[in-house]
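J.: Protein chains in written order, with the working numbering: chain A, 1 to 205; chain B, 1 to 205; chain C, 1 to 205; chain D, 1 to 205.
Hints may contain errors.
Note: identical chains are not told apart, hence a pair may lie in one copy or across any two.
Claimed, not checked - Mimicking DSSO-like on lysine-lysine, the simulated pairs with C-alpha atoms at most 30 Å apart in a straight line are:
id, residue 1, residue 2
1, LYS13, LYS198
2, LYS181, LYS107
3, LYS13, LYS107
4, LYS107, LYS71
5, LYS69, LYS107
Quick caveat, the hints were computed from the structure, so don't treat them as lab data.
There are 4 protein chains.
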Amino acid sequence: MKQHAVFLNCSLKSSEELSNTQALMDEVAQRFERRQITCEHVRIVDYQVGYGITDNAGPEDEWPKIIEKLKDADIVIIGTPIWLGEKSSVSKKVLERMDGSQEITNKEGQPFFYNKVAGVVVTGNEDGAKNAISSILFGLSYLGYTVPPESYTYWLGEAGPGPSFIEAEGHQHAFTMNQVKKMVHNLSYFASLHAEHKIPPTENE
Amino acid sequence: MKQHAVFLNCSLKSSEELSNTQALMDEVAQRFERRQITCEHVRIVDYQVGYGITDNAGPEDEWPKIIEKLKDADIVIIGTPIWLGEKSSVSKKVLERMDGSQEITNKEGQPFFYNKVAGVVVTGNEDGAKNAISSILFGLSYLGYTVPPESYTYWLGEAGPGPSFIEAEGHQHAFTMNQVKKMVHNLSYFASLHAEHKIPPTENE
Amino acid sequence: MKQHAVFLNCSLKSSEELSNTQALMDEVAQRFERRQITCEHVRIVDYQVGYGITDNAGPEDEWPKIIEKLKDADIVIIGTPIWLGEKSSVSKKVLERMDGSQEITNKEGQPFFYNKVAGVVVTGNEDGAKNAISSILFGLSYLGYTVPPESYTYWLGEAGPGPSFIEAEGHQHAFTMNQVKKMVHNLSYFASLHAEHKIPPTENE
Amino acid sequence: MKQHAVFLNCSLKSSEELSNTQALMDEVAQRFERRQITCEHVRIVDYQVGYGITDNAGPEDEWPKIIEKLKDADIVIIGTPIWLGEKSSVSKKVLERMDGSQEITNKEGQPFFYNKVAGVVVTGNEDGAKNAISSILFGLSYLGYTVPPESYTYWLGEAGPGPSFIEAEGHQHAFTMNQVKKMVHNLSYFASLHAEHKIPPTENE
Numbered sequence: 001m002k003q004h005a006v007f008l009n010c011s012l013k014s015s016e017e018l019s020n021t022q023a024l025m026d027e028v029a030q031r032f033e034r035r036q037i038t039c040e041h042v043r044i045v046d047y048q049v050g051y052g053i054t055d056n057a058g059p060e061d062e063w064p065k066i067i068e069k070l071k072d073a074d075i076v077i078i079g080t081p082i083w084l085g086e087k088s089s090v091s092k093k094v095l096e097r098m099d100g101s102q103e104i105t106n107k108e109g110q111p112f113f114y115n116k117v118a119g120v121v122v123t124g125n126e127d128g129a130k131n132a133i134s135s136i137l138f139g140l141s142y143l144g145y146t147v148p149p150e151s152y153t154y155w156l157g158e159a160g161p162g163p164s165f166i167e168a169e170g171h172q173h174a175f176t177m178n179q180v181k182k183m184v185h186n187l188s189y190f191a192s193l194h195a196e197h198k199i200p201p202t203e204n205e
Numbered sequence: 001m002k003q004h005a006v007f008l009n010c011s012l013k014s015s016e017e018l019s020n021t022q023a024l025m026d027e028v029a030q031r032f033e034r035r036q037i038t039c040e041h042v043r044i045v046d047y048q049v050g051y052g053i054t055d056n057a058g059p060e061d062e063w064p065k066i067i068e069k070l071k072d073a074d075i076v077i078i079g080t081p082i083w084l085g086e087k088s089s090v091s092k093k094v095l096e097r098m099d100g101s102q103e104i105t106n107k108e109g110q111p112f113f114y115n116k117v118a119g120v121v122v123t124g125n126e127d128g129a130k131n132a133i134s135s136i137l138f139g140l141s142y143l144g145y146t147v148p149p150e151s152y153t154y155w156l157g158e159a160g161p162g163p164s165f166i167e168a169e170g171h172q173h174a175f176t177m178n179q180v181k182k183m184v185h186n187l188s189y190f191a192s193l194h195a196e197h198k199i200p201p202t203e204n205e
Numbered sequence: 001m002k003q004h005a006v007f008l009n010c011s012l013k014s015s016e017e018l019s020n021t022q023a024l025m026d027e028v029a030q031r032f033e034r035r036q037i038t039c040e041h042v043r044i045v046d047y048q049v050g051y052g053i054t055d056n057a058g059p060e061d062e063w064p065k066i067i068e069k070l071k072d073a074d075i076v077i078i079g080t081p082i083w084l085g086e087k088s089s090v091s092k093k094v095l096e097r098m099d100g101s102q103e104i105t106n107k108e109g110q111p112f113f114y115n116k117v118a119g120v121v122v123t124g125n126e127d128g129a130k131n132a133i134s135s136i137l138f139g140l141s142y143l144g145y146t147v148p149p150e151s152y153t154y155w156l157g158e159a160g161p162g163p164s165f166i167e168a169e170g171h172q173h174a175f176t177m178n179q180v181k182k183m184v185h186n187l188s189y190f191a192s193l194h195a196e197h198k199i200p201p202t203e204n205e
Numbered sequence: 001m002k003q004h005a006v007f008l009n010c011s012l013k014s015s016e017e018l019s020n021t022q023a024l025m026d027e028v029a030q031r032f033e034r035r036q037i038t039c040e041h042v043r044i045v046d047y048q049v050g051y052g053i054t055d056n057a058g059p060e061d062e063w064p065k066i067i068e069k070l071k072d073a074d075i076v077i078i079g080t081p082i083w084l085g086e087k088s089s090v091s092k093k094v095l096e097r098m099d100g101s102q103e104i105t106n107k108e109g110q111p112f113f114y115n116k117v118a119g120v121v122v123t124g125n126e127d128g129a130k131n132a133i134s135s136i137l138f139g140l141s142y143l144g145y146t147v148p149p150e151s152y153t154y155w156l157g158e159a160g161p162g163p164s165f166i167e168a169e170g171h172q173h174a175f176t177m178n179q180v181k182k183m184v185h186n187l188s189y190f191a192s193l194h195a196e197h198k199i200p201p202t203e204n205e
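Bound-form chain A, shown alone (with noise of 0.2 Å):
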């Protein structure tokens, strides 16, 4: 069967503007091509996204369609830019919006986030990339994701201003590289097991 990945881009710019988030998330969808994992990328921003714990925040806001988005997915990847060393606002706000769906649940009763997979990119100029892991990934595991080991990657220079991303040609930073094939390693390991195995709903439930 074969899986597919959606990849949340939660910069705080636009998709008419270049994301340094982005390009690192092309090098981990690349590598899932080539294991035959489709991929589908979402710049957050370029939605209207509305605020509050719910699924749906009203006749404009375009969360549902990202609810599609999520179902569809075996493997979910969430990325953000760093800003005062911690994640973006953006990447919050998708946190929140999640969080405000997990009444929506899949035929055993569970949240529809079960039996899925999960990642995350950071970029920024320097300093905070652990943090914003760290605090998104126990989002994920909190709403029902699985979380592989090392199931992430990141990139950024040294304490205080200076060079993005692709000015600095992270792809060919050694350390980010090989994260990225771990977690591409990984993420895909894992959702092939859940294609084969399902965690089983607990008693009450």
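Given chain A's structure and the hints, the job is docking chains B, C and D onto it.
T.: Coordinates of chains B, C and D only, in the frame set by chain A:
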């Protein structure tokens, strides 16, 4: 000289809806007012605040209005609810926009956040207040605000779902209200100190 | 094949003193034992564990004994109290020593943490559980552990000082005990999955 | 009146070994000394510091010696390396012991941490400084210290393994050294302010 406080309520809900965070901020504001400190309340989601690390995100962006309020304030309080154990996405957006406004300087050439004092108010059903406070106080300190001791208050219930501040009559919770008293005391003191004593610019060294 | 779980209790108190965190870990362990998963409990401060990013900190260092226990475990649970809204210093020392033990590999050349599953148990008077969980789950994932969905439980009271888990009869707290049930269910499931399915080494790509 | 600064180096290594964090702390100390602020350096792991939320952990505990140093200090600096993207376990132990020492009060009945100013110094191969700073500044603010604006400096390299501060000649890194200048300037200013202006006790104290 009269002091002035601005409260930025980073609830996910607009002011048409009741905010538990506002209810606790109001406890703080009342005590400022008794000390002749004037208070202004801003519900961030009532404004069109765009994304980006910039002081102006385009013609529809209402952040510049909020900058004017921040310039007038001797004291700024950021209030946030807790979701997934962390501050709200709205509060992160506010910090991002403040970060993008750092090049606006006072007469001495310092970021205009200098010589002002800052505090934090958090409410949630449960768990996450200190995480939110650490993150926001760091952001405010990084921007240039002075952080007096114990410059925060919070209310939250036991682990898991439960009532919010208003329903739980949090305004009678001894710990929370003692923190209100301390934060008002210390913020007022440091605001009056800064009225007389400005941090000299580092360039003068 | 029988599964085995190791519980690392990172309380600041030695086993001569009652540990609230242990009381909640015992709830988890009882449910593992009902599923024929054997359990071993380690109170870290009963051991001489030195400082450093190393698997061996000198002749008096007892960390090597704990490594042997971790090697035998299919499931590892880290338990911690909350101080200042965060996991204990002892739990951070454990993560540092695990980080220093990464070069110990299994037959496949992976860090020996691979193909094992991990969870977290937290108790505190108040606030800080999700912060502790995020940080510890990230550390365990970084080391190579598999993190099943909702692989944690916690108990804490309202904002401010108050009773601890045992005194408050936290074992009757519905939310906490429902999380116990979910974490045991998911950890058991993934441990049995890994008994049959090992993550292939990345070198084989 | 002469000011005095105490530097608590929370390295995992004793003073027999070279500490990168110390090297950056020394840059800060030199600038304090040029301003006639005396400096004392404490390598925490040189002392027997027990575990617990207490000011005295038994007959072998050397924390009481460190309390005396903290009482004498107008300025306290906590220095920490980064491991797993966070402050060291030693720095968390120091905060726990300070938390346990809060009931030691000054003549006014305030925790003895009041009317003193605090800053943070962080070094690491990579990623984690702002996380460490947020956490430590929050802890210090919670205890009663005054936190001046931008009261920290840090150095770190690019994502992944790499050289540390000394080897990388971090003392020539413009961003890091500019932060040294700002932190020294602001800490000195607030220490001299507090020499003249003490925070009055809150009403009920």
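J.: Which hint numbers does the structure go against, in order from smallest to largest?
T.: The structure breaks hints 1, 3; every other hint is satisfied.
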